[in-house]
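Asks: Let chain A serve as the given structure and place chain B on it in line with the hints.
Residue numbers (this note's numbering), protein chains in the order written: chain A, 1 to 225; chain B, 1001 to 1315.
Derived from the structure by calculation, the hints contain no laboratory data.
Where is the CB? At the ideal position from N, CA and C, for every residue including glycine.
Treat the hints with care, as some may be off.
Covered stretches of chain A, as calculated for chain B (at least 3 residues, CB under 8 Å) [to be verified]: (1) 42-48; (2) 118-128; (3) 167-181; (4) 202-209.
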Amino acid sequence: MQEYLDIVRQYDVLGAFWVNIQLAFWAAMLSLALGSVLALFRISPIGSLQWAGSAYVTVFRNMPLTIIMVFMVLGAWGQLELSLSTDFNTNFFWLAVIGLSVYHAAFVCEAIRSGVNTVPIGQAEAARSIGLSFLPAARLVILPQAFRGAIAPLGNVLIALIKNTTVAAAASVATETSSVMKTMIEFRSDYIYAIFFTFAIGYVILVTPIGLLTTSLSRSLAVSR
Amino acid sequence: MSAQSVLFDAPGPRARRRILLGNVVGAVVVAGVAALVLLRLADRGQLDPTLWLHAVDADAWRYYYWPGFLNTVRAAALAIVGAMIFGLLFGVGRLSSLLLVRTVCGTVVEFFRAVPVLLMMVFFWLLLANGGVENSSFWGVVIALVLYNGAVVAELVRSGVHGLPGGQREAALSVGLTRGQSLRSVEVPQALVAMLPALVSQLVVVLKDSALGAIISYRELLQNARQLGAGEGNILQALAVAAVLFILINYGLSKLAERLSRSMRRTSGKTGTMAAGLDAGVGTGATAVAAGPATGVEEGPGAGTGDRDHPTRWS
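Same shape as in the complex, but just chain B:
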C-alpha cells in the first residue's frame, strides 16, 4: 500500500542483499548521530542524573507541568468549541445564496486564514490588557485560536458540503425545502459528520498553537516548563519533558483521527471521504496534519494529499 509499491518491485535475492547492506549502514549512521548528540550533552554536563530527576519529580509535576497542562487544555478546549461555532456560522455564510453575505464571510475567512496566529494573540492580549481585562493573556490565546481555526473549520464546512453528492440537495429541494432549509437540515449535518476526523486533526493544531501563549506570558505547559528550568537550572530537561507530553497527546489525537476516518470510509463509503476531503493544510503552526491517510479530494488552496484509494483530482 505504501510508496514502495510504486517505486519498488518485490525484492529478489540480489536486492535483498543490497537492502540488508543499506540497513546496516543506515542503522550505523542513525546510531552515530545519536551518539554525537549524547556526547555533546555529556560534555556539557547535561546528562547529570540530578538535572533529569528534578525535571520529573513530584514537585515539578505538582507545581509546574500539571497546572500548565490544565491551562493548555483549558485554552485549547474553549478554542476548539469557539472555532466550531465560528466555522459553522461563516462556513454556512459562504454557501449563502446572497452575494453580500457570501462576500463578507469569504473575506473574513480568508483574512483570518492569512494572518499569523501570533500576531492576533499579541494584538488581543494587549488590547484586552489596555481595556483592563483580567486574564488578558488567556483570552488573547483563546480569541486568536478561535479566529484562525474557525476560519479553517469554515473551509472544512464549505468543502464538506461541496463534497456531498448533488443528489442530496436535489432530493431536499424536490420535497419542497428551500435552499436554506436544505443546507441546514440536510447538507450541513452530513458534512459535519464527514468532517469529524478533520476536526480532530484540527485539535492537534490548536494544541500546538496554544504553546504560542508562552510568548504572551500565558502560563501554559511550555511557559511553566521554562520557569521550572529557569529555577532549577535544567531548562533542557524541562523542555524535553514538555515536548514529550505534547508529542504523546498529539500523536494520540492523530491516531484517533486516522481511526475515525477509516471507520467513516467503511460506513459512509465514498461520500464520507470526499466530504472530509479538505485537509486544512494552510495551517499556521500547523500545516495541519498534512498526511492523514483520509485526505482526498480537495478544493481551493487546501492541501491535496491524496492516498492511493482516492488520488487527488483537480478538475
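With the rest of the complex left out, here is chain A:
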C-alpha cells in the first residue's frame, strides 16, 4: 500500500488531473462562447447565418474528436505552423484546448438550441399579443425560459467535455491523465489494476457531482408546463 502511494506521488497523479481540469475549464469557456454564437446564428432569421451554423454543427458533430486533435498537432501546428506559445508544452496545451472547444461548440450550440425549442409557441404569441416587440419579447419571455431548459443538456456537454480531455493525448499533451496512466502501467505493470482504478475513481469523483448538480438545477429551475 505504502509502495503504491509512493508510485502515485512519483508520477504526480494529482498534477495530471489538474492538467485535465485546466483543459476542461478553458475549453468549456471557449466552447460556450463559440457555441452561443453558433446558436444565435441558427436561431436568427438570416438564411446565410443559419446555413453556416448548421453546416458547422453537421461537420463537427459527425467527426471524431481524435481527428481534430491529431489535426491540431500534425496539421495546424506541423504544416500550417500555427503556434500559440514559444514553449513546447504550453503550445500543445492550447492547441488541445482549441481542438476541444471547436468540437464541443457544436454540442453547446445544439444544447442551447434545444433550450429554445422547449419554449412553446404560445409564449411568443402571448408576448406579442401584449405588445412586446422582438427584443423585449426575447429578453423578458423567451430567453429566460430557454436558458432554464438548456441547463440539463449543457451539463451533459460539460460532463462529456471533462471525459474527453483525455483525448488531449492525441494532441501530444503528455502530462494529462491518460498519458500518465499509460506511462505508469508501462513501468509498473505489477500495479496495473490499482493504477487503472485510481484514475477511473478520479473521474467518477469529478463527473458525478456535476451530473447531480445539473440534474437538480434543471429540475428546480424547470418551467412547469
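Replies: Showing chain B alone in chain A's frame:
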C-alpha cells in the same frame, strides 16, 4: 416548426429588407473566413494538386483507407453488438425487484458511464498485451466501447421501460405473469423497438469513439490516414479524406435515426416517442446526438432535448 416560430413573426417588408442585408453581410463574412483559410493553405503550399492526388489515388484507397475502414467497421460492429448484450443484461438488472441486483447493476452502469473511454482502452490494451493476447489493441478498443456504450444502452433500456404506459405492466400482471415475466415478455420487447432510433444514434458514437483506437495504435481509418500522410508528406490532405469519410457515414446514420424515430412516432404514437425518450447525452466522445428530433421526455442525467411536439417535462 423551427426556432424562428418562437422568436420571430412572419417578416414584413422592412424586416425582409433587413434580412436581405444580414444575408449579404453573413455571406461575405463566411466567404471571407473561407478565403483566409484557403490563402493560408496556399501560402504553405498545401493546395499543391499532387498532395491531394496522392491522398485520393487508387493506392491510397487500396493500402490505407479501405483496410482502415474495414478495421473501423469491424471494431464498431462487434462493439455495438456487445454493447446491446451488456446493456440488456444490466438494464434489466437495474429494473430487478431484488435490491442487491439493482444496486450492483446500477453501480456498474454508473461507473462505466463516468470513466473516459480512452482510459478503459489504454487499460485493456496494456492488460491484454501483458497477458500475451494477440491483437491486444483491437480487443482494447472493442472492450472499452462495449463497456461504455453498454452502460448507455442499459440506461436506454431502463428509460424505455419507464416510458411505457403503466397499463402494459398492469395488464401483464393481471393475466397472471410474474414481474420478471412481465419485464421479459411484455415491457422490454416494446422498449427495444422504441429505442431503435436511439440505438442507431449510439452507433454514431461508437464509430466516432473507435477513432480513439489510433491512440493505442489500432490500425483503423484515422491511424492509416496518419500513416499515409507521414509517408507521402500530405498529412493534412489524408486527414481531410478520413474526416470526410467519417462525416459522411455518421451523417447518413444520423439521418437514418431521424427517419426511424419519425416513422416510429407515426406508428406507435406517444408510447414510442416517450420510450425512446432518453437521449444518451452523457456520451463521451460523444454527447451522443444531442439534437435528434425525437428526443423527448427524459429520466435522470440524460440529455433533455425536447422538441416542440414533446417538450421536456421534469416532473
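Asks: Would you say the stretch 118-128 of chain A counts as covered by chain B, given the rule of at least 3 residues with C-beta under 8 Å?
Replies: holds (count 7)
Asks: Please verify the coverage claim for the stretch 167-181 of chain A: does it have three or more residues whose C-beta sits within 8 Å of some C-beta in chain B?
Replies: Since 6 is at least three, the answer is holds.
Asks: Is the coverage entry for the stretch 42-48 of chain A by chain B consistent with the three-residue Cβ rule at 8 Å?
Replies: Since 7 is at least three, the answer is holds.
Asks: Using C-beta distances, would you say chain B covers the stretch 202-209 of chain A, given that this needs three or more residues below 8 Å?
Replies: It holds: at least three residues are needed, and the stretch 202-209 of chain A offers 4 whose Cβ sits within less than 8 Å of chain B.
Checked against the numbered hints above, the structure breaks none of them.
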